[in-house]
Amino acid sequence: MVAGIIIGIIVGVLLIIFLIIYNGLVRRRNQVKNAWAQIDVQLKRRYDLIPNLVETAKGYMKHERETLESVTKARNLAQQLSSAGAGERAKAEGELSSVLSRLLAVVENYPDLKANQNFLALQEELASTENKISFSRQYYNDSVLRYNNQTQMFPSNIVASMTGFKASEFFEVTLAAEREAPKVSFTQ
Amino acid sequence: MWEQIRSNQIRSVVLTIGMGALLILIGYFLGLAFDNAIAGLVIAILVWAVLSLVGYFQGDSILLSMSRAKKIKRDDHPRLYNVVEEMKIASGLEKMPNIYIIDDPALNAFATGRDPNRASVAITSGLLQKLNRDELQGVIAHEISHIKNRDVLLMAMCSILLGTIVLLAWYGSRFLIFGSMTGSRRSSSSGGGGGAQLIILVVALVFMILAPIMAQLIYFAISRKREYLADASAALYTRYPEGLASALEKLGASTGQLKSANKATAPMYIVNPFRKKGMKASDLSSTHPPISERIRILRAMAGASFNDYDQAYRKEHRGEGVIPAVSIAAETVPIATIKLEGETGEPNEIQRARETSDVMWRLSNYNTITCECGAKLRVPPKFKEPIIKCPHCGRTHQV
Chain E
1 MVAGIIIGII VGVLLIIFLI IYNGLVRRRN QVKNAWAQID VQLKRRYDLI PNLVETAKGY
61 MKHERETLES VTKARNLAQQ LSSAGAGERA KAEGELSSVL SRLLAVVENY PDLKANQNFL
121 ALQEELASTE NKISFSRQYY NDSVLRYNNQ TQMFPSNIVA SMTGFKASEF FEVTLAAERE
181 APKVSFTQ
Chain X
1 MWEQIRSNQI RSVVLTIGMG ALLILIGYFL GLAFDNAIAG LVIAILVWAV LSLVGYFQGD
61 SILLSMSRAK KIKRDDHPRL YNVVEEMKIA SGLEKMPNIY IIDDPALNAF ATGRDPNRAS
121 VAITSGLLQK LNRDELQGVI AHEISHIKNR DVLLMAMCSI LLGTIVLLAW YGSRFLIFGS
181 MTGSRRSSSS GGGGGAQLII LVVALVFMIL APIMAQLIYF AISRKREYLA DASAALYTRY
241 PEGLASALEK LGASTGQLKS ANKATAPMYI VNPFRKKGMK ASDLSSTHPP ISERIRILRA
301 MAGASFNDYD QAYRKEHRGE GVIPAVSIAA ETVPIATIKL EGETGEPNEI QRARETSDVM
361 WRLSNYNTIT CECGAKLRVP PKFKEPIIKC PHCGRTHQV
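Quick note, the sequences are listed as chains E and X, same order. Be aware that the first sequence starts at 1, since it is given in my numbering, and climbs by one per residue. Be aware that the second sequence starts at 1, since it is given in my numbering, and climbs by one per residue.
Rather than coming from a laboratory, the hints here were simulated on the basis of the structure. All of these numbers come straight from a predicted model, not from anything done at the bench. Every residue gets a Cβ at the ideal spot worked out from N, C-alpha and C, and that includes glycine. Wrong hints could be hidden among the right ones.
To be verified - The list that follows gives simulated cross-link-like pairs (lysine-lysine, DSSO-like), each with its CA atoms no further than 27 Å apart:
| hint | chain 1 | residue 1 | chain 2 | residue 2 |
| --- | --- | --- | --- | --- |
| 1 | E | LYS44 | X | LYS95 |
| 2 | X | LYS384 | X | LYS70 |
| 3 | E | LYS58 | E | LYS114 |
| 4 | X | LYS95 | E | LYS33 |
| 5 | E | LYS73 | E | LYS114 |
| 6 | E | LYS44 | X | LYS73 |
| 7 | X | LYS73 | E | LYS114 |
| 8 | E | LYS33 | E | LYS114 |
| 9 | X | LYS95 | X | LYS70 |
| 10 | E | LYS114 | E | LYS44 |
| 11 | X | LYS70 | X | LYS315 |
| 12 | X | LYS376 | X | LYS71 |
| 13 | E | LYS73 | E | LYS58 |
| 14 | X | LYS376 | E | LYS114 |
Stated by the list, open to error - Quick list of simulated restraints, FRET-style, between CB atoms:
| hint | chain 1 | residue 1 | chain 2 | residue 2 | range |
| --- | --- | --- | --- | --- | --- |
| 15 | E | PRO155 | X | PRO334 | 27 to 37 Å |
| 16 | E | ASN30 | X | VAL203 | 27 to 37 Å |
| 17 | E | ASP112 | X | LEU53 | 58 to 68 Å |
| 18 | E | ILE9 | X | VAL203 | 50 to 60 Å |
| 19 | X | ILE369 | E | ARG45 | 32 to 42 Å |
To be verified - Chain E is nowhere near these chain X residues, computed Cβ spacing over 12 Å in every case:
| hint | residue |
| --- | --- |
| 20 | GLN216 |
| 21 | LEU236 |
| 22 | SER357 |
Pulled out of the complex, with its shape left as it was, chain X reads as follows:
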């Protein structure tokens, strides 16, 4: 059963402990620069603790404000709100997550929040107008899975750990170079022991250079695995893997980069915001598995259960599975019947684009007046006049 997908976190925890060990070693070597290993350890752990506390309590609001996301209510975009609510119900999440729209034509989405009771999903306006209902459902299911599997907190904490290691290694290596120069002068005056100290310093310096790279590789390994698991959960929640597959296809076809994303926040998104076209499948230095592979796995699924996802994954990876054995129930879950686009009066892409832009204007406090001639007047919040003239036909309107 999918609850036990958490057992896979053992692997993630082991990798995280590996990153923690790197941090402690960094602290130790940093201490060597001051001839006091304990001081280095204390500094390393202190920096990490402060950053973690900030990340834990304020991480989601920092991330959301950095990406200039705007919170919406049910009336702002009923369809998006309904889709999120549907996935909240399907996943058995207790509290409705907050919904944000990022005003950006790039196609992307992410989830954030330290626990399932304080979670948010954000989607770009570009993606919102590009996807039909089933595809939107697939993407939201993927994000809700990240919340439900508690990936969000894990990835946030890992990225803070990584950030601390990079930060300390950067300063540490400079301290070491500076410290070794003064240190060698001191040891030459006292005589003896200089050789051994030099070797330690060289080792420390090499480690300072390698540690961030190692930490990054560990981080990427954790985050890629989480993407597969979220895809598997999304297929199970929607009982319709094709929805997510088709959404990923649209995401993969676009090359627009998200303006407000940066390297630290990249793993939070549904697809890597900095991807280039034709990325290699075995690319170690990527936070996300290649989109084409994720689509192939989803389309190869015979049913919608974890077992079906695992089977499809094994075909791609020469027999190696992705989902831990305890989570695979023998039962099969049938895929829901394929629906046609625009079947129940669903808006087409142009209508969706209009709808989304209306929402974005409204969220920026613009007042929209529809003139009888068909023109839409967007009245900025600073506009103080009581009436406005339609520039198209000349009719006047009350503001």
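So that you can see chain E by itself, here it is in the shape it has in the complex:
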């Protein structure tokens, strides 16, 4: 009788601990999902901004057709891969970021374009979207780290493997020069 009660209490306590850990895992996983959705919003915003920017810049940048084309191409490729996995997608987006920063660097050579109000507004939007992408990626990676830690560390790893929580993929962009100042050259 006494043994029955003790076993009952132990099982009850274990069940409560299990539920707390399980709920914690769900919360972390949702955080990762939300963070991913946030990156998605910003990447989509960038797809929308680029055609406008290219259109505005075209009239001024007669000698940069190649740069403009490579931006459009990188944008279309990134958009096609937007339903792919985190790793593949990150590569395409990283490529787009680097051609964009190249474009914004050569803008320095076109004072007329730099004086265009419409272009300035677009440039602020694009620069901010770039920031938002890297900040949302930063937050996503931090969320993934916390979530993965929880799926791998004792005792939550037991609950995670029992209920099928899998580690998430990081969003890494291999782009060393990302926040670096673009190098401006005045020789054309």
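For chain E, the structure is supplied; the task is to place chain X on it using the hints.
Relative to the frame of chain E, chain X by itself:
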């Protein structure tokens, strides 16, 4: 991880309970004046509860209207809006805070709102035109940290507690002096016990005088600590401590005092609005740590993590840390590469000043007409004529 920075609130909670104890003692001694300690307690708690309820539900709107802040939308100032949104994303805040501009040349900013879902950040127009994008980002990150760390509600509640203690002590000491005069007359007629009562009254009176000072010191201790933590979070969110450091440098160099601030609202701001130049580092009676020290800590950071901030802080404070051990993850977070001012067509200070003044005119419902001669006509909202003449060149414009 930074989520656990909240664990530091245990210390704040202990200090807040200390303030609460002061309030209860005040109530008790106040009761002595009426020969009824319970009545005093009830009055003290009632006053505090009413003020807290008002503060909780209306505190942010009272503070914003007191500082004459004007709410802006995205189109009013896209750069400011974008910077706030960037920091909202970096901090993982769920809802976009409201953004306000205070029309004041002094340099300052604050955050308010009882929870992260009902938060506002306000910045003076002076600061908005003084800071470049990275610096603005640092300041906004600091304010968003206050929201994210839930400092805003804690500080608001503490300042209400402090206010209640000051209020009750002020009235209480006067009641006591008055009460002791009538009381002594009564006790002399009945005879005996007068001496003991007098001692209690003197103790009560001394306490009434000391309590507000003690409460204030506790309050300052809580608020200074919160500033360091918000600086640490700002460095982590932006991954760029230099942005905030350089902004603080500009803030520290100015001596203009904010017109609409008062003693009660002072701790809400990013720097003390009443600071004097050359304030001592160990000044106990200040709501904010000295700016120069905050800058030194930020600049000494080797990376952008809490651990790096804590290391830098320890150097300043002879080995004493500021961030609780549970929040310090061993990992290092690299600082983002240094950017140059005006790198991506960023407006310079004169352009920023024009931009900000345009926003302020528009927010006051002035209509701006740009004349071909280059002059800008500001048409007041009361102007009823259909056309206006440019005072500079004489051209006429439709209003």
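Does X/LYS315 lie within 27 Å of X/LYS70 when you go C-alpha to C-alpha? Judged against 27 Å, a Cα distance of about 41 Å means the pair is violated.
Quick check: does the Cβ-Cβ distance between X/ILE369 and E/ARG45 fall within 32 to 42 Å? Holds - the Cβ-Cβ distance for X/ILE369 and E/ARG45, about 33 Å, lies within 32 to 42 Å.
E/LYS73 and E/LYS114 were given as a pair; does the straight-line alpha-carbon distance stay at or below 27 Å? With Cα atoms ~24 Å apart, E/LYS73 and E/LYS114 stay inside 27 Å; holds.
Proposed proximity, E/LYS33 with X/LYS95 (alpha carbon, max 27 Å): Given that 27 Å is the threshold and the Cα spacing comes to 16 Å, the pair holds.
The output says X/LEU236 does not contact chain E. Does that hold with a beta carbon cutoff of 12 Å? violated, 9 Å
Checking one constraint from the list: CA of E/LYS73 to CA of E/LYS58, max 27 Å. Satisfied? holds, 15 Å
Given the hinted pair E/LYS33 and E/LYS114, is their Cα-Cα distance within 27 Å? violated, 39 Å
Quick check on a hinted range of 58 to 68 Å for E/ASP112 and X/LEU53, using CB atoms only. holds, 60 Å
Straight-line Cα separation of E/LYS114 and E/LYS44 no greater than 27 Å? Holds, because 25 Å separates the two Cα atoms, which is no more than 27 Å.
Given the hint that E/LYS58 pairs with E/LYS114, does the C-alpha gap stay at or below 27 Å? Within the cut-off at roughly 13 Å; holds.
Holds or violated: 27 to 37 Å for the Cβ distance of E/PRO155 and X/PRO334? Taking Cβ atoms as reference, E/PRO155 and X/PRO334 lie about 32 Å apart, which means the hint holds.
Could you grab the alpha-carbon distance between X/LYS376 and X/LYS71 and see if it respects the 27 Å cut-off? Distance ~24 Å between X/LYS376 and X/LYS71 Cα, so the pair holds.
In summary, the numbered hints that this structure violates are 8, 11, 16, 21.
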